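**Q** Sequence:
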Amino acid sequence: QELESEFRGSGWNVIKVIWGSYWDPLLARDKDGALRKIMMDTVDGEYQNFKANDGAFVRKHFFGKNPKTLEMVARMSDEDIWRLNRGGHDPQKVFAAYSAAVKHKGQPTVILVKTVKGYGMGKAGEGKNTAHQAKKLTDEDVRYYRDRFDIPIPDSELPKIPFYKPADDTVEMKYLHERRRALGGYLPQRRMKADEKIAVPALDTFKAILEPTAEGREISTTQAYVRFLTQLLRDKALGPRVVPILVDEARTFGMEGLFRQIGIYSPEGQKYEPVDKDQVMYYRETRDGQILQEGINEAGAMSSWIAAATSYSTSNRIMVPFYIFYSMFGLQRVGDLAWAAGDMRARGFLLGGTSGRTTLNGEGLQHEDGHSHILAGTIPNCISYDPSFAHEVGVILHHGLKRMVEQQDNVYFYLTLLNENYPMPGLKPGTEAQIIKGMYLLEEAGALAAGKKKPPTVNLLGSGTILRESQAAKKLLETDWGVAANVWSCPSFNELARDGQDAERWNLLHP
Numbered sequence: 001q002e003l004e005s006e007f008r009g010s011g012w013n014v015i016k017v018i019w020g021s022y023w024d025p026l027l028a029r030d031k032d033g034a035l036r037k038i039m040m041d042t043v044d045g046e047y048q049n050f051k052a053n054d055g056a057f058v059r060k061h062f063f064g065k066n067p068k069t070l071e072m073v074a075r076m077s078d079e080d081i082w083r084l085n086r087g088g089h090d091p092q093k094v095f096a097a098y099s100a101a102v103k104h105k106g107q108p109t110v111i112l113v114k115t116v117k118g119y120g121m122g123k124a125g126e127g128k129n130t131a132h133q134a135k136k137l138t139d140e141d142v143r144y145y146r147d148r149f150d151i152p153i154p155d156s157e158l159p160k161i162p163f164y165k166p167a168d169d170t171v172e173m174k175y176l177h178e179r180r181r182a183l184g185g186y187l188p189q190r191r192m193k194a195d196e197k198i199a200v201p202a203l204d205t206f207k208a209i210l211e212p213t214a215e216g217r218e219i220s221t222t223q224a225y226v227r228f229l230t231q232l233l234r235d236k237a238l239g240p241r242v243v244p245i246l247v248d249e250a251r252t253f254g255m256e257g258l259f260r261q262i263g264i265y266s267p268e269g270q271k272y273e274p275v276d277k278d279q280v281m282y283y284r285e286t287r288d289g290q291i292l293q294e295g296i297n298e299a300g301a302m303s304s305w306i307a308a309a310t311s312y313s314t315s316n317r318i319m320v321p322f323y324i325f326y327s328m329f330g331l332q333r334v335g336d337l338a339w340a341a342g343d344m345r346a347r348g349f350l351l352g353g354t355s356g357r358t359t360l361n362g363e364g365l366q367h368e369d370g371h372s373h374i375l376a377g378t379i380p381n382c383i384s385y386d387p388s389f390a391h392e393v394g395v396i397l398h399h400g401l402k403r404m405v406e407q408q409d410n411v412y413f414y415l416t417l418l419n420e421n422y423p424m425p426g427l428k429p430g431t432e433a434q435i436i437k438g439m440y441l442l443e444e445a446g447a448l449a450a451g452k453k454k455p456p457t458v459n460l461l462g463s464g465t466i467l468r469e470s471q472a473a474k475k476l477l478e479t480d481w482g483v484a485a486n487v488w489s490c491p492s493f494n495e496l497a498r499d500g501q502d503a504e505r506w507n508l509l510h511p
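This note's numbering applies: residue 1 is where the sequence shown begins, and numbers increase by one.
In silico lysine-lysine, BS3-like type, Cα no more than 30 Å apart, as pairs:
id: 1; residue 1: Lys174; residue 2: Lys103
id: 2; residue 1: Lys51; residue 2: Lys68
id: 3; residue 1: Lys160; residue 2: Lys136
id: 4; residue 1: Lys37; residue 2: Lys16
id: 5; residue 1: Lys454; residue 2: Lys428
id: 6; residue 1: Lys207; residue 2: Lys197
id: 7; residue 1: Lys117; residue 2: Lys165
id: 8; residue 1: Lys236; residue 2: Lys207
id: 9; residue 1: Lys114; residue 2: Lys103
id: 10; residue 1: Lys136; residue 2: Lys123
id: 11; residue 1: Lys31; residue 2: Lys60
id: 12; residue 1: Lys236; residue 2: Lys428
id: 13; residue 1: Lys135; residue 2: Lys51
id: 14; residue 1: Lys60; residue 2: Lys123
id: 15; residue 1: Lys271; residue 2: Lys105
id: 16; residue 1: Lys136; residue 2: Lys114
Because the hints were derived from the structure by calculation, they are not lab data. All of these numbers come straight from a predicted model, not from anything done at the bench.
Let's have the full structure, built from the sequences with the hints guiding it.
**A** Shown next, in the form of structure tokens:
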């Protein structure tokens, strides 16, 4: 009833399959509702207990709750009472429910089915919490299972527990073949690669974020991402396949410009006049909109992302979802779904905004993400980066498109983005591959004052927000301490770690 009320309250059509056909005669005789009342009053734990015992136990503890119901089963044997089945184990009831669901129009349908844990295992596990732990059945248990389901295997063969397959000309096999053909094939299968081929625009298409910022101009890596996305949406081949997904204010991430460019998807269109209608970039909802604005619903947004990220397999259509969230919340709240996405070979981009523990401090710890890459690193096919500069964002996103769209690799990308504004140095030709690997030399050690001995030299490594502090430290070391310093940008410590682990494994196996 709790599940039913949840679904009905959300506008779903609900079909419940609780009682099997053997209950129908009893329910037909239940004129005053005594049996129905017991059914409603009995809790799940009791129902489990009934199936873990026998017919005599059910007679006493279920029907015995009311003299009228006890009289109702007076002429039934304990075996008859035990045979009273749950709806989920009655093929006719299940078929009727499915047929009703298919015919229902105008709203989604959910079928709530009641079954028995360990069904068919008898004393070995039926209705018992230990059903999952049963590793092996005794000969007696196997014999019980055979007899219960009328499987034609002689006693002499039972110890081997042989595989049973009905003959090809039996009704069962003919039916199964018919249904598999109607479903389009014999094995449920994943499409490993989409049949279509889509070319990714060249890297220099995104030169606006690859070049140094103009004198006196500052931007954030979040702005760089939005510029990349805006340019990608203009591509005739790949643009229509992009799925931007939001769960919070688009303006926080500077994405309001997309409202006018591609609109927010709404199956019913704009049904109200937005409060910002007088602005150029107002909240524009449209039936053909491309942005998915999911509200404060991280799990729903992640589910939409997974649907688009696996479309290449389920629908033979390549889609490229970009789901941006506050990095402090994203993977913490949908970690299970992020792992499931890896299991399902999802392909797309997750982006964690306002990361790095340097901004939005006025809101307390809620935006103090310094650990989401630890979570991302636990998912083997999640490729994670913590870029500091616009050109790094451009190179990484372009590389991700090449891997997931052109090469159709089974990976997805996670990038953290910053909202600090500062000058961007631009891409040094030849460093693209090093950025992807996770580390490149950003600033070489400077020459110190003449006449001094060769100074001590240190290497400073940084990513995300801390890299600019590494640059500041270099100046202090060289100016105040006479220590030369190389500054290395490390867009992905996770990829560096994995590279090291791969090298260790190779060396271990190839001494």
